[in-house]
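*Asks:* Fit chains B, C and D to the given chain A structure using the hints.
Protein chains in written order, with the working numbering: chain A, -7 to 330; chain B, -7 to 330; chain C, -7 to 330; chain D, -7 to 330.
A couple of the hints might just be wrong.
Just so you know, same-sequence chains aren't split out, so a pair can sit in one copy or run between any two.
[Stated by the list, open to error] The calculated lysine to any residue pairs, modelled on SDA-like cross-linking and capped at a C-alpha distance of 25 Å, are: (1) 111 with 71; (2) 236 with 253; (3) 187 with 160; (4) 46 with 66; (5) 187 with 58; (6) 296 with -2; (7) 319 with 41; (8) 148 with 164; (9) 236 with 52; (10) 191 with 322; (11) 191 with 55; (12) 193 with 127.
If you're looking for bench data, these hints aren't it; they were derived computationally from the structure.
Model, not experiment: these values are computed from the prediction.
4 protein chains.
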Amino acid sequence: MVVILENNATKIQTESIIKNLEEFGFRVHVSEGEQRTIIGAIGVQPDFDTRKIKVLEGVYDVYRVTAPYKLASRSFHEEDSIIKIKDVEIGGNNIVLMAGPCSVENEDQIYRNAEIVAKAGVKILRGGAFKPRSSPYAFQGLGEAGLKYLRAAADKYGMLVITEIIQMDQIDLIGDYSDIYQVGARNMQNFSLLKELGKTKKPVMLKRGLSATIEEWLMSAEYLLSGGNPNIMLCVIGIRTFEKYTRNTFDLSAIPVVHKRSHLPVIADPSHATGLRDQVPPMARAAIAAGADGLMIEMHDDPKNALSDGPQALLPDTFISLVKELKAIANVIGRELA
Amino acid sequence: MVVILENNATKIQTESIIKNLEEFGFRVHVSEGEQRTIIGAIGVQPDFDTRKIKVLEGVYDVYRVTAPYKLASRSFHEEDSIIKIKDVEIGGNNIVLMAGPCSVENEDQIYRNAEIVAKAGVKILRGGAFKPRSSPYAFQGLGEAGLKYLRAAADKYGMLVITEIIQMDQIDLIGDYSDIYQVGARNMQNFSLLKELGKTKKPVMLKRGLSATIEEWLMSAEYLLSGGNPNIMLCVIGIRTFEKYTRNTFDLSAIPVVHKRSHLPVIADPSHATGLRDQVPPMARAAIAAGADGLMIEMHDDPKNALSDGPQALLPDTFISLVKELKAIANVIGRELA
Amino acid sequence: MVVILENNATKIQTESIIKNLEEFGFRVHVSEGEQRTIIGAIGVQPDFDTRKIKVLEGVYDVYRVTAPYKLASRSFHEEDSIIKIKDVEIGGNNIVLMAGPCSVENEDQIYRNAEIVAKAGVKILRGGAFKPRSSPYAFQGLGEAGLKYLRAAADKYGMLVITEIIQMDQIDLIGDYSDIYQVGARNMQNFSLLKELGKTKKPVMLKRGLSATIEEWLMSAEYLLSGGNPNIMLCVIGIRTFEKYTRNTFDLSAIPVVHKRSHLPVIADPSHATGLRDQVPPMARAAIAAGADGLMIEMHDDPKNALSDGPQALLPDTFISLVKELKAIANVIGRELA
Amino acid sequence: MVVILENNATKIQTESIIKNLEEFGFRVHVSEGEQRTIIGAIGVQPDFDTRKIKVLEGVYDVYRVTAPYKLASRSFHEEDSIIKIKDVEIGGNNIVLMAGPCSVENEDQIYRNAEIVAKAGVKILRGGAFKPRSSPYAFQGLGEAGLKYLRAAADKYGMLVITEIIQMDQIDLIGDYSDIYQVGARNMQNFSLLKELGKTKKPVMLKRGLSATIEEWLMSAEYLLSGGNPNIMLCVIGIRTFEKYTRNTFDLSAIPVVHKRSHLPVIADPSHATGLRDQVPPMARAAIAAGADGLMIEMHDDPKNALSDGPQALLPDTFISLVKELKAIANVIGRELA
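So here's chain A without its partners, still in its complex pose (with noise of 0.2 Å):
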């Protein structure tokens, strides 16, 4: 921690930060400059709040040195962090597919879109069983029958499953179906969740809160990587601006600094950045370009009936076209998208 003292600190106030950061365990380190004193705090206290400091009188400013996450940082693992579920591998040079639609809304739905992406080569097959929704009204999932339907729907055309877990008593039954947890925006600081997840070794994908900080999306995957899962990949979805013609605004950006920060795989949600159709493709482009290591897109073969997000939903044929797109920005990266 450095801490800059104000031009016209006096010698009392100084002494009395200095007794107070060592009373708070650091070791001081006192360097004047022309205009400002500045001192060194010596001693890691990850979590210690700055702003303990900031409020003595006298004190300009706090910075920390550290990060407040460890696990998560480069520093900590400088490789690319790879997740290996069955034959799939999640970071490194190959770039996944997860695809399908936002809800499984019945049988014979699930199993016609599961086709239809894996053949377009999609290894993840993706369907929410649980949905959280912002109106007390609306469409709420089917549950386990969901869970079942996807699963057996996954199996039978050779792709893994992802979906998302909504709240802490369902790990054990998502457990049995799925091979990935999905953990959506809003609950990207349930902390009770984060722990129990972080208790289980099966992979977690942590979607970026609307309006989480890199910060502070990276130390909730701490949480995760703190009670001993590793397997632990990111999502870039739209982060909350002021902005009213888009639903969000997709921060692609997040995608070179994460990546620069962290070791952890990146993935990025177009579908549900963008909230509309004619929009995903542009930026699923845009994210492959960008460096992402994988995507998720939302499709169905009946968008105007779906029960929940149909107008984000690409139709068959524009996912089949946008694939070889991506196929081939890929390639022009030195990337696989297999």
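*Replies:* Just chains B, C and D, lined up with the frame of chain A:
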């Protein structure tokens, strides 16, 4: 729902839009303007996804004509809601104070602080027993022991209790000790939790999510109300903006807006909004002047050694003089802070 | 400047970073922590671009230890600045009111409204003669004729004049008629304009840009001050956030923050911040309670027919009763609104 | 305009609303729904302030049914606009590159860098001669000397010139040397400047303001177009968000949105958006993949000693290999980057 067509929408597009609306169950009312055709879609479907129409060819834009919430709206319930808990009323002309330390740290600490706030006229004692922390390495609360101390201290000094619930399986436990459930900003869209709390009749204070729109906040209140619990109050905190000199931006402009849209009481929390002790008094005064129905303020008699959020806790003397100012400002606008 | 190295920075990287700092003219002070090496770079270079160091291999982060503004900072000038214009003082214990219509529309209109606000105790008359409008098709102001009417009306009722300047070549013209130049939010970073205004000695009120950080705002004040004009006041307005039920978010939390960082007086403008008449009184009261040194409020006796911003103008009766409340709140916090 | 009444609007309120609309010059079309009465207000008034109706008793909400811009809209001009400057076309299937240093620093520097970018296939040379800087103490550009060097260097290597204009009185001077006026983000709502530029026929590139909505940006384009200048292109940069690990958030989702709403060409500037060299290549690739009609990229052969923005300038080698990737991505989506 109002559907605005493109200037140059073709006849075929227009007919297809109308057909779609009818298939979705709306009656249709077409009005041709000088530049645009406008279609009124009549029929109440509170959870209809307007993007279903927005993606159709020839549509320029779509607007809802009803708020997506009903029970929370002032058109449903014109009078201010007043929540009665024992001899305390929240809402109406009276302004209520909730105060206490951020966390219950030990028996002695909560008794000492309860005595101070009770003497200053506070009716509701606050204190966290389960703390949602962004770092997995930070103090997570005393749990049930904390609840016991909090209840006993409140009883001794004749106060009610408010404390935060962070996961569904704490409903009974916290319900045994607390008069009000506090739902924190990060759980504002934890719909599983909201559904369960809606089934109780115990009062709930719902904080606004850090980046939640007022509409989403009222939708979350709707979850609680639609479960059958009428005793809901809202709590204004900071919202996330681009500004870096403040922790968050305390959105006081939400107070008159919510009062216009909804009948629910609105509390304000200047401590968490600002995060720094010296900004709490001006923002507390401003909240009362802006029309808040109550305040939640953190106070600690030894903030330096507080286990959480010490830097934002007021010292006892500052708290006591602030309460005097708040009473005087309440009087200026014809209200009582008792 | 403080430079934090990566945990695993190599010796070669460290030496290269030090060499770079020295070449940029800094003296270097190295401090080795348990996890990190920290380099203090000593030497004042107010416009040094810290990214020059941030892009070097082995650097984790870089922090400035001085604010980029100097003349605007409280460490440079510890006492509150007070601006004296004839018999009016802005800053200090006194709270000043600026009021009037959005635009000067004709001679009669500005006289009528000047009389109303003067009788309510307002010392400074506002009114726009040059209007920056987001639509090229909207009313753009009366120009010099508007300035003449405004000055004459203010003189008749013994008030000062404040009016907005929107381009450099209006400095002399507006200077002839107005006591204070108002720089609008959109021009907060019109550096060409700021440089010219800095060369005059006439008071300037600088509104915060809609998405300007407080630091950028103070940097713009620095442009004015560094040109030699000490008579600078700031004006808090709304900032742009994600919220859609309000036009902007009135950032009152900026008031105590600016008062801590800077010695300049802070006015607040609840009319433009909220954009709707019924939200002006609560926000005006809140601004005084939060410590504003003055308010700018729009009032119009016929807002329905106003040529600009009628919907945010208070009616005379509301204005008059609001002023009474503002005086009472000022007294509660030991100030005078005269 | 569509006016939605409150559920419980009285008959007297409804009649008064209708009367107001008629007095404002609208024809009125009333439609009674199950819950709400909706009033269509017919008649084109592009600058009508909808808040005039919103403040009336009994009104729930008001929506515009036409965009406030016309000439900039795709409904006005269905085909993509193509701007021709000598043998270069901007817009259409071709993708154009603009590149060069941030500032013109001296004659030698601009010739050296012009040669590098010309050889890589760049058609338009960039370089600032007048620099708007947030600090009054920073390098402000070479002025006319810079323009001369820039023009001469571009001519020598067969390129066009683009350079920034920061104040109205530079129109003739910059017009003498440059093929395109660049209007920076901070001047996007400098309406005085836009009006004057609208009177010329010389191409203008209008950057999006840091917190400007897409609608406001198109309104500023409308200022230029309505003055009679049809040669307008837009430039996507970063927008201001809450994120602190990136300078700004590069809003690529704006590209498909603007292409849908408007016929104007859209350039993207990944250098200013990200502010750091290593983030420029992924974001440049993403912009092409997302459908940008061109890129503006900063390149410097000695960025360490650059007088402005060196840390975001690509080195020559990186630039040259990036251009190859961009060409390949352009081909994937059926376009040419020549």
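*Asks:* Within, between, both or neither: how does the pair residue 296, residue -2 come out at a Cα-Cα threshold of 25 Å?
*Replies:* Between. Shortest inter-copy distance 21 Å satisfies the 25 Å Cα cut-off; intra-copy 62 Å does not.
*Asks:* With identical chains, the pair residue 187 and residue 160 could be close in the same copy or across copies; at 25 Å between alpha carbons, which is it: within, between, both, or neither?
*Replies:* The answer is both: 9 Å in one copy and 15 Å across copies each meet 25 Å.
*Asks:* Indicate which option fits the pair residue 236, residue 253 if close means a Cα-Cα distance not exceeding 25 Å: within, between, both or neither.
*Replies:* between (31 Å within a copy, 13 Å between copies)
*Asks:* Quick one: residue 193 to residue 127, C-alpha cut-off 25 Å, is that within a copy, between copies, both, or neither?
*Replies:* Result: close only across copies, 21 Å inter versus 33 Å intra.
*Asks:* Up to 25 Å between alpha-carbons, please classify residue 148 paired with residue 164: within, between, both or neither.
*Replies:* within (23 Å within a copy, 44 Å between copies)
*Asks:* Using 25 Å as the alpha-carbon threshold, which applies to residue 191 and residue 322: within, between, both, or neither?
*Replies:* Neither, since 35 Å and 46 Å both go past 25 Å.
*Asks:* Using 25 Å as the alpha carbon limit, work out where residue 319 and residue 41 are close: within a copy, between copies, both or neither.
*Replies:* So residue 319 and residue 41 fail the 25 Å test inside a copy (46 Å) and across (33 Å) alike.
*Asks:* Tell me, please, which holds for residue 111 and residue 71 at an alpha-carbon limit of 25 Å: within, between, both or neither?
*Replies:* neither (33 Å within a copy, 37 Å between copies)
*Asks:* Is it within, between, both, or neither for residue 236 and residue 52, if the alpha carbons may be no more than 25 Å apart?
*Replies:* For residue 236 and residue 52, only the inter-copy Cα distance (14 Å) is at most 25 Å; the intra-copy one is 38 Å.
*Asks:* Check residue 191 against residue 55 for me: Cα-Cα at most 25 Å, and say if that holds within a copy, between copies, both or neither.
*Replies:* Neither: 32 Å inside a copy, 37 Å across copies.
*Asks:* With identical chains treated as interchangeable, where does the CA-CA distance between residue 187 and residue 58 reach 25 Å or less: within a copy, between copies, both, or neither?
*Replies:* within (23 Å within a copy, 40 Å between copies)
*Asks:* With identical chains, the pair residue 46 and residue 66 could be close in the same copy or across copies; at 25 Å between alpha carbons, which is it: within, between, both, or neither?
*Replies:* between (29 Å within a copy, 17 Å between copies)
Hints 1, 7, 10 and 11, counting from the list given before, are not met by this structure.
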